[in-house]
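Order-wise, the sequence lines are chains A and B. This note's numbering numbers the first residue of the first sequence as 88 and each following residue consecutively. This note's numbering numbers the first residue of the second sequence as 33 and each following residue consecutively.
Hints may contain errors.
To be verified - Pulled a few chain A residues facing chain B out of the computed Cβ check, cut under 8 Å:
id	residue
1	Ile99
2	Glu187
3	Leu324
Claimed, not checked - Computed list of lysine-lysine pairs in DSSO-like fashion (alpha-carbon distance at most 27 Å, straight line):
id	chain 1	residue 1	chain 2	residue 2
4	A	Lys92	B	Lys171
5	B	Lys291	A	Lys180
6	A	Lys95	B	Lys284
7	A	Lys112	B	Lys109
8	A	Lys91	B	Lys109
9	A	Lys91	B	Lys113
10	A	Lys180	A	Lys287
Derived by calculation from the structure, the hints in this document are not laboratory data. We put the CB at the ideal spot given by N, CA and C, even for glycine.
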Amino acid sequence: MNIKKNVKAIYIIWLRGIKLSSRYKVGFISHLGQPLLWLLLMGTGLRGSVSMGSMGLTESTGIDYMAFMLPGIIGMSLLFSSMMGGMRILWDKKFGFLKEMMVAPISRVSIVLGNNFSIATISILQGIIIILLVPLIGVDLNLFYIPIALLFILMIGLTFTSVGIVISTQMEDFGSFQGIQTFLTLPLFLLSSAFFPVTKLPYPIQIIAYFNPLFYGVDGLRGALIGVSTLPMWLDLLAVTAFCAGLILLSAYLFNRSEGI
Amino acid sequence: MEEVDWAIHNIIQTINLTKKYGELKAVDNVSLNIRKGEIFGLLGPNGAGKTTLIHMLCTILRPTSGTALINGFDIIKEPNKVRKSIGIVFQDPSSDDDLTAYENMEFHAMIYDVPVERTNILELLRLVELDDRADRFVKTFSGGMKRRLELTRGLLHHPEVLFLDEPTLGLDIQTRHKIWEYIREIANEKEMTIILTTHYMEEADSICDRIAIIDEGKIKAVGSPKELKNDLNDYKFIIKLNKNYDYLVFEKELERSIKRREIGVDITGVNITQNNAGNGVSANEVVLKIGLRINNESKNSDALLIDALISVKDALKEFKNFEITTIDLHKPTLDDVFIRYTGKKLREERAPPDRRLRMVASRMTSGVRIR
């Protein structure tokens, strides 16, 4: 009974989030456009200039740089939009709607999860659209593994929405939120193997990369989409799932504890 | 004579409720009983702890110590049952700007598990004259419209207790009247218990069955507005006299003459001001103020005051050339009660700067908004 109630509450909060997002089509399209530009401009530019040998891949795999970059760009798109999405909690706090949810007869956890799922849904939708556009830029995908790729996309989306929510619970204003977000996203992105394998980094920095959930996400996504990965895919999935679960719990815990209304 | 069990009649019971922020006690050991069906006012200067108290009762804030029972449920142990029993209109807007009025209502109905049809919601919106704007985004609403929307939203799930935190703050007089009208109607029709805070004393006086005055986190006084005013026992005759006589010379004599008479009330002070034109006093008038305290509780206070006034008039007659232009009786107001218990004048306080404005400013500086 209690679980049923919570699931319903999560659904209601999720539905509200989807409604809001559907009203921000401009935001949706601009978030979609950014990764596509990266792919088209950076990808085509580097396609001819980077030898795959230097990426630790033999030319015989038939994978060019554009294909290598694709999972990284999807990861980047998920990273940015999910983390920004986590700002909704702060937004609701500032504009008062959070109070309406806090006095409603629903659990705090369902508020966090409902928001998380709706933001992640939109991020995942963007990831899927990018995958759908991929044949247009001449990259062959491993169709058989698409469901696994979607699983990785789901994990990355939920993970970084949770990070955004964690920051939201700790910040009081939008400026600080964006400061922290900018401070975090760049290293997360650069240490994710989006542009180059982390094995090309000096050993101490490589160690840091192994604490980066996006690394496992992108590596796994690469494995699923183009069949190349640094770690075995199951290990990537295990790691990213663990990060995801941990961060969802942390966001729920911090939200439950926070009283800054 | 059977004994009344107040525990049954008290829909809200706070027990040593305390909230500390570091060393600061925002709410300090408050034990308060609120009866079923009454309109209860919380009055206090800004920062007195009214909103903190309400937020604890609404289960948004956790008390540092103590607890409260609402509708029989403990705010700490059974928050969800408490939440089902209460409705609340916050001081600041708490509706979603990016949803329509209808969608805000729909969200509320869903989250409180109240089955409603579109017609039900439209009917509720009609109560607050917003039915024609049901499908407009709330961001296009004025402050008063938002407050009305939130008022009707707070009633959607038929709560036992309705909290109204400054329901009329920052609204124009017309809107304020309308809101009080709704509140009165609700209280009469639904027999709901209403707890409100307000800055407007006359409004509290006319609408509240009982009032608690709260300052520095403590309850200073509780009672009906009438009780509180009577307890103050501080009346004043304000007599305006024409100015063809040097009253100041006779001030002491006049005081003695008044005090000599058995007027059934205590004179607390006699004061004459001259040459004080303005404030409704013309240049050829002087103002005689006589402070009074009723010392005979068995008699009707109005009768005593009339007797006293006749005595004062007789005392004045001993002096030549007196001509009384007006006589006013100043009875204690809730303002006086408030000043007595808090040492502060409520009217000196201003509503905080419009929060919406600050938000718009932060929206402009925060840049993009992604949802």
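Cross-check of the supplied hints:
A least Cβ separation of about 5 Å between Ile99 of chain A and chain B falls short of the 8 Å threshold, and the interface hint therefore holds. About 5 Å separates the beta-carbon of Glu187 of chain A from the nearest beta-carbon of chain B, less than 8 Å, and the hint is met. Evaluation of the Leu324 of chain A hint against chain B yields a violated restraint, the C-beta minimum of about 28 Å exceeding 8 Å. Using a Cα cut-off of 27 Å, the hinted pair Lys92 of chain A and Lys171 of chain B is violated, with the two alpha carbons roughly 30 Å apart.
Distance hint between Lys291 of chain B and Lys180 of chain A is unfulfilled; the C-alpha atoms sit about 62 Å from each other, more than 27 Å. A hinted pair counts as satisfied when its Cα atoms are at most 27 Å apart, and Lys95 of chain A with Lys284 of chain B does not qualify at roughly 79 Å. For the hint linking Lys112 of chain A to Lys109 of chain B, the alpha-carbon distance of about 43 Å lies beyond 27 Å, and the restraint is violated. Straight-line distance between C-alpha atoms of Lys91 of chain A and Lys109 of chain B comes to about 21 Å, which keeps the hinted pair within the 27 Å bound.
Distance check on the hinted pair: Lys91 of chain A and Lys113 of chain B sit about 17 Å apart at the alpha-carbon level, within 27 Å; holds. At roughly 43 Å between alpha-carbon atoms, Lys180 of chain A and Lys287 of chain A are farther apart than 27 Å, so this suggested pair is violated.
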